[in-house]
Amino acid sequence: MAQLTYRDAVARGIAQEMRRDERVLLVGEDVAGAGGVFKTTVGLLDEFGPTRVVDTPISEQAILGAAMGAAMTGLRPVAEIMFSDFFAVCWDIVVNQIAKTRYMTGGQVSLPLVIKTGNGGGLRFGAQHSQSIENWAMAIPGLKVVTPSTPEDVVGLMAAAIRDDDPVIFCEHKGLYASKGEVPDGDIIDSLGTAKVRRPGRDATILSLGMMVPRALAAAEALAARGMDVEVIDVRSLVPLDTQTILGSVSRTGRLFTVEENPQLLGWGAEIASLASDECFWDLDGPIQRITTPHIPLPSADSLEDLVMPSEESIATTIEKALQS
Amino acid sequence: MAQLTYRDAVARGIAQEMRRDERVLLVGEDVAGAGGVFKTTVGLLDEFGPTRVVDTPISEQAILGAAMGAAMTGLRPVAEIMFSDFFAVCWDIVVNQIAKTRYMTGGQVSLPLVIKTGNGGGLRFGAQHSQSIENWAMAIPGLKVVTPSTPEDVVGLMAAAIRDDDPVIFCEHKGLYASKGEVPDGDIIDSLGTAKVRRPGRDATILSLGMMVPRALAAAEALAARGMDVEVIDVRSLVPLDTQTILGSVSRTGRLFTVEENPQLLGWGAEIASLASDECFWDLDGPIQRITTPHIPLPSADSLEDLVMPSEESIATTIEKALQS
Amino acid sequence: MRSPLTDHVYGQHASVLPPQDQTRHDGDDIDLAVRTGLYRSMREMRVFEKRAYDLFMKQLVKGTSHLSLGMEAIAAGFGQAMRRDDYTFATYRGHAHTLARGVPMTPVLAELLGRANGLLGGKGGSMHLTSVEHGMMGSYAIIGAHLTIANGAAWSAQYRGSGQVAVCFFGDGTTNIGAFHEALNYAAVYKLPVVFVCENNMYMEYTSIFDITAVERPAADRASAYGLEPVLIDGNDADEVYLAAGRALDRARAGDGPSLIEAVTYRHGGHSRADPGKYRPSEEVEAWKAYDPLDVYRDRLIRLGVSADELLAIDAEVLAAVDTATQEAIAGDLPAPESAFTDLWADGGWSWRN
Amino acid sequence: MRSPLTDHVYGQHASVLPPQDQTRHDGDDIDLAVRTGLYRSMREMRVFEKRAYDLFMKQLVKGTSHLSLGMEAIAAGFGQAMRRDDYTFATYRGHAHTLARGVPMTPVLAELLGRANGLLGGKGGSMHLTSVEHGMMGSYAIIGAHLTIANGAAWSAQYRGSGQVAVCFFGDGTTNIGAFHEALNYAAVYKLPVVFVCENNMYMEYTSIFDITAVERPAADRASAYGLEPVLIDGNDADEVYLAAGRALDRARAGDGPSLIEAVTYRHGGHSRADPGKYRPSEEVEAWKAYDPLDVYRDRLIRLGVSADELLAIDAEVLAAVDTATQEAIAGDLPAPESAFTDLWADGGWSWRN
Ligand SMILES: Cc1ncc(C[n+]2csc(CCOP(=O)(O)OP(=O)(O)O)c2C)c(N)n1
Ligand SMILES: Cc1ncc(C[n+]2csc(CCOP(=O)(O)OP(=O)(O)O)c2C)c(N)n1
Ligand SMILES: [Mg+2]
Ligand SMILES: [Mg+2]
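Protein chains in written order, with our numbering: chain V, -15 to 309; chain R, -15 to 309; chain W, 152 to 505; chain L, 152 to 505.
It is worth saying that the hints were derived from the structure and are not from the lab. This list has only true hints and no planted wrong ones.
Keeping only pairs whose Cα atoms sit at most 30 Å apart, straight-line, the calculated DSS-like set for lysine-lysine is:
1. Lys209(W) / Lys440(W)
2. Lys201(L) / Lys429(L)
3. Lys429(L) / Lys23(V)
4. Lys209(W) / Lys23(R)
5. Lys342(W) / Lys23(V)
6. Lys209(L) / Lys164(V)
Here chain R is said to cover these stretches of chain L; the calculated rule only asks that three of the stretch's residues, wherever they fall, bring their Cβ under 8 Å from a Cβ of chain R:
7. 271 to 282
8. 293 to 300
9. 303 to 312
10. 323 to 337
Covered stretches of chain V, as calculated for chain W (at least 3 residues, CB under 8 Å):
11. 49 to 61
12. 90 to 96
13. 226 to 233
For each residue, glycine too, the CB sits at the ideal point set by N, CA and C.
I would like the entire structure built from these sequences, with the hints used as guidance.
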């Protein structure tokens, strides 16, 4: 058991799988020599050498195309898209090629690949380097999408993603890279498609993801001090979605709140809200409420960025108001 | 008053505005000499000449970048992305540049531009040429998004989009191009952000968009014959969203169904369902149900494509079952 | 009228005419067996696609479809030169490239008809023909993407040391999209065993390539931007293609990196099913129809001593094969409804939830 | 060690050293007033950016930031050569280009500090500096996009017949992304009045451009792919830049279309705030620091008879201006909370519903 940063956990998860399986390669901008601009791939070049850890030109389409072609022909590449915002320059390869090819070819082509990416806000990087794009990927049939919130989950979900025979979008939250947590020794293999109850509770269900998980937990503690016992679920995996854990909780508590970092319209919570309003309708005791960034780009100034993203306070206040009305 | 096809209505709407305002230009692949691959821009080259109607290389990023730069500097371009699936090759220009620039620059930059595109399925074009991508755009703050369902709306919404000082994604449904409708003579100027009740009803609200509108209407007629009086709303504009019309209807009828052509996860209906489950919670008499294409890419074979898209029958059956349970 | 070598003045698109001398390659050192193979292969493509066109007219082929009538020499030349385990990456205009790899006609035609016995079970259609077991790694319908994907297959071959080469076909219009540039640079940097083949038929959909491209030769004039030699070949002469293919494949297999070949050709028909192709000057169309790769090749074989009977026998065999495929395709069942819900994921299913 | 003209062997990245002779441009026909203007402009950039760096260290500048210390001659040379109403398109490394257009220092620095008196009211930050009234049409943080957007401004100028030119700055690493290729071809096809300026500082973020590019000169070696002349200049000599800028701007204004200029330079520091820049050989860094564009230029002005006092006076004025800007920026209020909800739409608001 060791204390590890979220950032180091990324490299550990990849190294664990590269040691086991020489078909696993890593490719991306500055991932080799520099160990990644977020230092999430430090040490991999040294351990696995330049044929398995490859620095590339600034050519996101070429990077993901290379990952796809390699996956089609027997390898299991991990590709990095440095900031998730840059998916926009290679979205075709992701949504039209990688996501659809197995289906379109009647199952002839396997695409065991992982695209890891630095996602999310809070670092004052401005509107083009701070987006939470899980929802972009969730909307596309054929992509699996995970967002870990702890170092242990990073290792285990990375391993699960690499071992999975389908393409996985692996969203690392930039705002969590410096965070630390206990990580057990030895290999860790988690499962895609599983949510985790981080804090059990009876009065309401809060769904959260990525950097919103610690905020939701802190809000839950604040609410507990005010007599409200809320359950906090770390959704972790948007596709596959653990509807059993999620909707089971909603049915038990009768109230659903989502805490989403993304701009409101069509954040992941919209889908879960719509599911709950269908499948848990008779169990609901009150409106479903989503706590999101308003539907605006993220401003760069620290004071403004903090203002618009869901915070411990805004989460607690919204839920308290809702539960008491 | 004349019968016009949806396809001809596109050219008419653009021509109406090009006549009025010489800052309006049209640019895209095969839009000039060929009149568009879907024949939606026939006659414009002849009337307005090659400096205002421009054929381009296959360079979607360059096309939209040109539109953006022109809009920033005093023009009002209309750009075509031939199939909406191709947004994936130029998504950066749309979501990171066009959508965010006014906000990021503190309002210094205006982007009065329209991106028109052939959207949707039903033509057996397969998974890479049949997508309904309204939800991709709706998720991005800074984009307006409209999808007309009738020739008259095409003309009026095109005019409104061109006159609007913000970027508008104008989704033309490929499956409706050949459809006909009465269109009044003279200039037509509609309003963005307005839904239309296509058929009033008391028992439930059906929201539909694009090619799903005629199907929802047909289903409503079938349901009427079976004693169920459902209201059919043509959402038309996803951003801005006419929540007054939509949620007002839901509050009145107590039941909400969406009919969406897109794959399920994070289709536009998810957002509206989540809004209704919050704001109309106490008015709802039963679960909110979404009728969508399942979360799969569209298959190309006619029999399979017909099977997976919402049809008059599947809509009517789902609603009947829900209302009677 | 001008040859591919004259300068282009933008906005003044003039016709490019085919070469005059059809005997140039008579003396090339190519086995006669290979040569009859080339002929047979082109014949298959031709008859198959004409049949597909007829079936369109009868509304049996659904959706869209893009024929390469007139462009067969490129697919055939590469098909004969490639190793069995090499990889092909093609576009929506991929019927010929699929047949060139030995994929049987029935499943290809059945796919066009949307039948259960289609190559992709009816889920891909004409624009996505793929047969992994034949090295046919897919037909891609969004311009540019597959150049980057071909790189990936080449990277994999390089890493595995398999000696395989990825061959990627695309059109003239494709040279102006960003992915082309990224793919070429990427391939050159890592010396990937990939051959990029630009089938320059001088039109994107309905627009002349000369009107929307900054250079005269859309691929060859870009080669130096990637440190590559320009290679411009006659794409209507199967022998010229076959030899150029061999050189590029050898180079790739030797570890010397990618090639970019521009093969000048012409499509006899419109861009796709919907297009009568009227935007092209009729004398241009006529000149190129007169330089039909099948005629060029038939005449050469005759000059080289192959008997007319032997060629007629091939023609008859091909026709019979296409007839059989037609019957089998038409007799195919519609896909089972459940098949719409298979093979999104590796577990065979489509479920996104538990 | 090699000069920009020697060949590169991939995987063996060697240092590129600056030219030796600093007197080459002494005799150029440039007004002394322009020359002192060039000096002043570079000095402003230098002192401003050093101050920004100090404020980082004091945690007053938030987020990230990319300095162009060592690269000032390019921004200054173009800034002096451009017409008042020409358009600048820059990258996240855009402080110098913003100042070059006459944008006052206070709002620029205040923007870096996230203050209400910032150029963008605190909503854009260091990577998005924009001042439309000064022709500074934006700083763009996603590689490649702004080349296509600059085309649009040039298209608009061409259509309006305004005689304006769009000048677009970007780095060496940017030449490998797809948008570069699309933008260059597009500009050439329509003969747009746009000047593309590659600031080749020989590194993308932390990777040498030589290791991931198929040609030796990332921009100049690509010019012919767009029918353009290769233009390779010394980006550390403000006179060379100024003259090259003038030629390209004239060409664009004359209707002769785009230019692609590769200006070789070097950044003194790391890629961004987070980067100590340790991946570069120290002798390379030292050699380039010794070829500092400010020193080069100061020495030249002295040789041309400008007195040391005059230069010191400029230095003092610049320092005073930076000091004032620092005070004003630090004194700036935090943005009003409501301002987060303004200017998404042309109506000034952000509402997506009624
Ligand atoms: C990104 C993208 N843009 C546009 C299209 C529409 N489109 C399909 S084929 C085609 C023309 C391609 O021309 P070329 O590369 O010369 O190939 P050809 O069809 O002549 O074989 C176009 C524009 C597309 N499929 N993908
Ligand atoms: C599409 C995209 N990919 C990657 C990045 C991350 N990134 C920011 S700057 C940079 C290096 C750019 O190098 P160059 O073009 O040489 O400009 P320089 O920073 O040297 O001025 C990279 C890779 C980005 N911003 N956008
Ligand atoms: Mg072509
Ligand atoms: Mg650089």
